[in-house]
Amino acid sequence: MSIILDHVDYVYGGDTALAVHALRDVNLVIPDGQFIGLIGHTGSGKSTLVQHLNGLLKPTGGNIYFNGEDIHAQDYDKKKLRSKVGLVFQYPEHQLFETDVFSDVCFGPKNLGLPRQEVELCAYAALKQVGLEDEYFYQSPFDLSGGQKRRVAIAGVLAMKPDVLILDEPTAGLDPRGRDEILDQIARLKEETGITVILVSHSMEDVAKYVERIIVMNRGSVLYDDTPVEVFKHYKKLEEVGLAAPQVTYIMQALYRNGMPVRTDATTIEEARREILRVLGRQ
Amino acid sequence: MGIIKTDKLVFEYIRRDEEGNVEGITRAVDEVDLDIAQGDFVAILGHNGSGKSTLAKHINAILYPTEGTVWVDGMDTQDEKQLWDIRQEAGMVFQNPDNQIIGQVVEEDVGFGPENMGVPTEEIWQRVEESLKAVGMYEFRKYSPNKLSGGQKQRVSIAGVIAMHPKCIILDEPTAMLDPNGRREVIRAVRALNDVEGITIVLITHYMEEIIHADKVFVMDQGRIAMQGTPREIFSQVEKLKGLRLDVPQVTLLAYELQKSGVALPDGILTVEELVKELSAVYHRG
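Chains as they are written, first to last, in our numbering: chain A, 1 to 283; chain B, 1001 to 1286.
Any given hint could be a false lead.
Below are the DSSO-like pairs computed for lysine-lysine, each with C-alpha atoms no more than 27 Å apart in a straight line [claimed, not checked]:
id, chain 1, residue 1, chain 2, residue 2
1, B, Lys1242, A, Lys190
2, A, Lys78, A, Lys110
3, B, Lys1260, A, Lys209
4, A, Lys233, B, Lys1277
5, A, Lys236, B, Lys1277
6, B, Lys1242, A, Lys128
7, A, Lys190, A, Lys209
8, B, Lys1147, A, Lys237
9, B, Lys1147, A, Lys236
10, A, Lys190, A, Lys79
11, A, Lys209, B, Lys1242
Stretches of chain B that chain A covers, calculated by requiring three or more beta carbons in the stretch to come under 8 Å of a beta carbon on chain A [unchecked claim]:
id, region
12, 1126-1133
13, 1236-1247
A short list of chain A residues far from chain B (calculated; beta carbon distances all over 10 Å) [stated by the list, open to error]:
id, residue
14, Val11
15, Asp32
16, Gly33
17, Asp75
18, Gln129
19, Arg219
20, Lys236
Hints were generated in silico from the structure; no laboratory data involved. Glycine is no exception: its CB is placed at the ideal position from the N, C-alpha and C atoms.
Let the sequences and hints guide you as you build the complete structure.
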């Protein structure tokens, strides 16, 4: 059970003078149950890539396999694929439209043709998974706070019981606590259900804290594909391609240059704290 | 009186249900007194729904006070005759660059504001050139905006505001949609406008690292000003900020965690350099 991208190419406006090579020879294996961070500067191909994973875009070269089947084969059921690979777009709350929260979340499973009772069970479970209290279920989604609206929108995708959840910058525009709450909830969801999560993010700190694997895109190609510790070792190269490392990485590098024998590969506050205390002999 | 002053500013809006019946009144800004001096770099923090954007929209007369008064450079924002002068003096930049750019070519977009103000053609071109140079986008003047990155587009939006020769720019989460490089570019441009041109800056953001150089920070909660002070004074209060759904820069948080583990460090460390200096001292003392 996995997603495989095999030599995937994607060219926009192929027959015109304005052709843009948005993906170049992308090869990836995404096994079940991983928590993956996808990073890259604006225009690096992240969004194009995730739109290939649920078949919204068709590669101009190469193949994509979901659970061993070519998703662009003639008899492949795309509708089922889209329920299995759930994509939450940026600012998903702009897509809320129903008169109450519960109906909005029911929309996805209802369109899958499930019986009404099952639709409602799925919606209920999804709203619980994103941590929304019962009292909000029959309110208009437009009366909720920004963070709550976003949870409802994520629940709308979870209600289809996907095996893979792709979130395109789920924390953009949220306050710091709102960011932590959404990401903590997603991490818990992943622990409890074993769902694969792909997090597209511009926050290196968030990526370092939550994911086990980082894929770095640059100009349509995969630049790095490794653990956070390994990827952020290349912080100079990351800066060249419009990214950065988490601030703690710079702290550790600077401490090392100043003669403190710390390991420089900490990527989270907790790792940095432990390493500094170790070197100071406080533990 | 400073360039921006508010006196007991209150803003209320009426919530209505689908039939238009009044459901209640929400007080989004609650008796806020601000006094911002010309040339200051001021940051406004606050969780979603704390009232900071509503407050900001009063400064260039998009919203009017329910009670109290707002003055921009001595002009009362409720005085309709001065509306255009106020909007010219206090320019606003929003979160999404794509909603703010209208021109087909970068230089046309930047010229839109002064053109609407009736500035003579020759001067418009002069202003466009100066403004694009001020944000480091002059070499892109002939580009189509849709060929630019998010950070570049946002700098074009800022240039469009500067071309109107404002005394003050209010930026409402200008970096929320940008990648790390875009964020750096925009913040660098904003700081340069403040340092070099002396333009008063009001920056609203959820990224704590962006405001460590501000002259003053206001923290909003439930429509009121809950905290105010220098970045160092504000970021020394880690627990209080967390209680207000906010955070501190990573370097400040690491210093705070180390303090809690018994390492002797001063409060409110803001930069990597400060922390490295203090920790090296602790290490070499042994």
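Going through the hints against the structure:
Annotation: proposed proximity of Lys1242/B to Lys190/A holds, straight-line Cα distance about 26 Å (limit 27 Å). Restraint check for Lys78/A and Lys110/A: satisfied, since their Cα atoms lie roughly 17 Å apart, inside the 27 Å limit. Between Lys1260/B and Lys209/A, the direct Cα distance comes to roughly 21 Å. Compliance with the 27 Å bound is thereby established for this hinted pair. At roughly 23 Å between alpha-carbon atoms, Lys233/A and Lys1277/B fall within 27 Å of each other, so this suggested pair holds.
Taking the CA atoms of Lys236/A and Lys1277/B, the gap is about 22 Å. The hint holds against a cut of 27 Å. As the CA atoms of Lys1242/B and Lys128/A are separated by approximately 25 Å, the hinted pair is consistent with the 27 Å bound. About 14 Å separates the Cα atoms of Lys190/A and Lys209/A, which keeps this hinted pair within 27 Å; it holds. A distance of roughly 24 Å separates the Cα atoms of Lys1147/B and Lys237/A; the hinted pair therefore holds under the 27 Å criterion.
Restraint check: the Cα-Cα separation between Lys1147/B and Lys236/A comes to about 26 Å, which is no more than 27 Å; the hinted pair holds. At most 27 Å may separate the alpha-carbon atoms for a hinted pair to count; Lys190/A and Lys79/A meet this at roughly 23 Å. For the proposed pair Lys209/A and Lys1242/B, the alpha carbon gap of about 18 Å is at most 27 Å, so the pair holds. Beta-carbon proximity to chain A at under 8 Å applies to 0 residues in the region 1126-1133 of chain B; the threshold of 3 is not reached and the given coverage is violated.
As drawn, the region 1236-1247 of chain B meets chain A at 4 residues by the rule of a beta-carbon pair under 8 Å; at three or more, the given contact holds. Non-interface call for Val11/A relative to chain B: holds, since the shortest CB-CB distance, roughly 17 Å, exceeds 10 Å. Here Asp32/A stays apart from chain B, with its beta-carbon at least about 29 Å from theirs, past the 10 Å limit. The beta carbon of Gly33/A is kept farther than 10 Å from every beta carbon of chain B, the shortest such distance being approximately 28 Å.
Interface exclusion of Asp75/A from chain B stands, the closest Cβ pair being 38 Å apart, more than 10 Å. Against chain B, the non-interface label of Gln129/A holds: every CB pair exceeds 10 Å, the least being about 22 Å. With a cut of 10 Å on Cβ distances, Arg219/A stays outside the contact zone with chain B, its closest approach being about 12 Å. Every Cβ of chain B is farther than 10 Å from the Cβ of Lys236/A; the closest lies at roughly 14 Å, confirming the non-interface assignment.
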